[in-house]
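> Line by line, the protein sequences give chains X and D. Using my numbering, the first residue of the first sequence is number 188, and each one after it goes up by one. Using my numbering, the first residue of the second sequence is number 188, and each one after it goes up by one.
Keep in mind that a hint or two might mislead.
Where chains are identical, the list cannot tell them apart; a pair therefore holds if satisfied intra-copy or between any two copies.
In silico lysine to any residue, SDA-like type, Cα no more than 25 Å apart, as pairs [to be verified]:
hint, residue 1, residue 2
1, K307, S375
2, K307, E320
3, K215, A272
4, K307, H222
5, K307, H242
6, K215, G301
7, K307, C284
Hints are computed from structural coordinates only; laboratory data are not their basis. Keep in mind that this is a model prediction, so the values were computed, not measured.
Protein chains: 2
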Amino acid sequence: MNFGILLFDGVEELDFVGPWEMLTMWSKVAGGPEHCLTVSEASTSVTCAKGLSVHAHFTFDNCPSLDYLLVPGGQGTRREVTNQALLDFVMRQAGHCRAILSVCTGSFILHAAGLLEGRKATTHWASLDRLRELGDVDVVEARYVRDGVIWSAAGVSAGMDLMLAFIAYTAGEAAAGQVQCQSEYYPSDMRYGLFHEDEQAPEYLRDPKWKTTSSS
Amino acid sequence: MNFGILLFDGVEELDFVGPWEMLTMWSKVAGGPEHCLTVSEASTSVTCAKGLSVHAHFTFDNCPSLDYLLVPGGQGTRREVTNQALLDFVMRQAGHCRAILSVCTGSFILHAAGLLEGRKATTHWASLDRLRELGDVDVVEARYVRDGVIWSAAGVSAGMDLMLAFIAYTAGEAAAGQVQCQSEYYPSDMRYGLFHEDEQAPEYLRDPKWKTTSSS
């Protein structure tokens, strides 16, 4: 099993490292995919949105056939939605992937690759209206959402919740529990400030007992 | 203001990228440190514990004087606690830093650099006994703990809670709220499996209303 994470200049750091941590922990302690890898268009370093410099394991040309692909977000997505080489790569891999996942504004890349038409999907709270304006996406304000083989998460940190849910769905709650335990992902529920009461806050956040939604 | 994050081979990915995201978001949206940087011993790529390849911005030789230093954990700490060049770097920077922070087993590096004697500190749940065995640390089972200028977090993902608390302490709750909002850090409270009921679970996790502790 090959699980790939797409990188590009301007990718938001936590968008991909959060899921990467959960994914690779799954492989280490609970029988997750044998090969977890990052892939970018060229073999140069990727400069992330906040300045971290990372080197992808593969390029579009030498990347193995993927079983799962995760597309993170970040400011760079605004450029990459018109990068035909990147969209071709996503479409080619999607042809045989068992699931495609996005985090934050990574959903705009899935849309540009033709994968979100008529689908439920979500994105960073500040980009929800922009996703709605595309016209053909059923936008939900959830922490994450699954619609068939397409999974999408809300902004930045939501990728970790997405990946744990994906592991639970794919390999069972015990496997997700092992990953959660080893990564000590029992986050504080502390809310600084009052954004959760703001009218711009996504629906799941305004509901103190937020639920995720999914449809098959 | 310079805020540095220490990197080394075998550093756990989320240990440093979680805080990095919160830190750089603070700089971007709420007046955080002007310079956020990563630093490693040599100018080669750092291979993280789960295989991600990153390139630090500075080496020990050309790193600017830091106001804040964060030391992440990971398997690599077991080697680095005897790396005198790294310990010298930490001690040298600690001499003028306003605060030193650790995540996960990064606390063992702080200890090896002589910074934890008689201090309250914490680490990954699976390393709590090992930290106690050092004999001179007041080990607490909290999500994070502050003891004067020394802050430490529990395992891996706890670095994000630590950094938000650090921002709130340093710059006020409104600043922390802006960072939390932009990184959409409103995590799910979903617990997969039953580790929270296990006797090995850290105290904060067994208490459903866990509190952090701090002493001045």
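> My question is about K307 and H242: at a cut-off of 25 Å on alpha-carbon distance, are they close within one copy, between copies, both, or neither?
neither (32 Å within a copy, 37 Å between copies)
> Is it within a copy, between copies, both, or neither that the alpha carbon of K307 lies no farther than 25 Å from that of E320?
Result: close within a single copy only, 14 Å intra versus 52 Å inter.
> Cα distance capped at 25 Å. Does K307 pair with H222 within a copy, between copies, both, or neither?
Answer is neither; intra-copy 29 Å and inter-copy 40 Å both fail.
> As a check of your reading, is K215 near G301 (CA-CA no more than 25 Å) within one copy, between copies, both or neither?
neither (33 Å within a copy, 33 Å between copies)
> When no copy is named, should K215 and A272 be tagged within, between, both, or neither for a Cα gap of at most 25 Å?
Cα proximity of K215 and A272: none, with 32 Å in one copy and 31 Å across.
> Should K307 paired with S375 be assigned to within, between, both, or neither, using CA atoms and 25 Å as the limit?
Classified as between; 20 Å across copies, 29 Å inside a copy.
> Can you give me the call for K307 and C284, within, between, both or neither, at a CA distance of at most 25 Å?
Within one copy only: 18 Å inside a chain, 48 Å across chains, cut-off 25 Å.
The structure is inconsistent with the numbered hints 3, 4, 5 and 6, although it conforms to all the rest.
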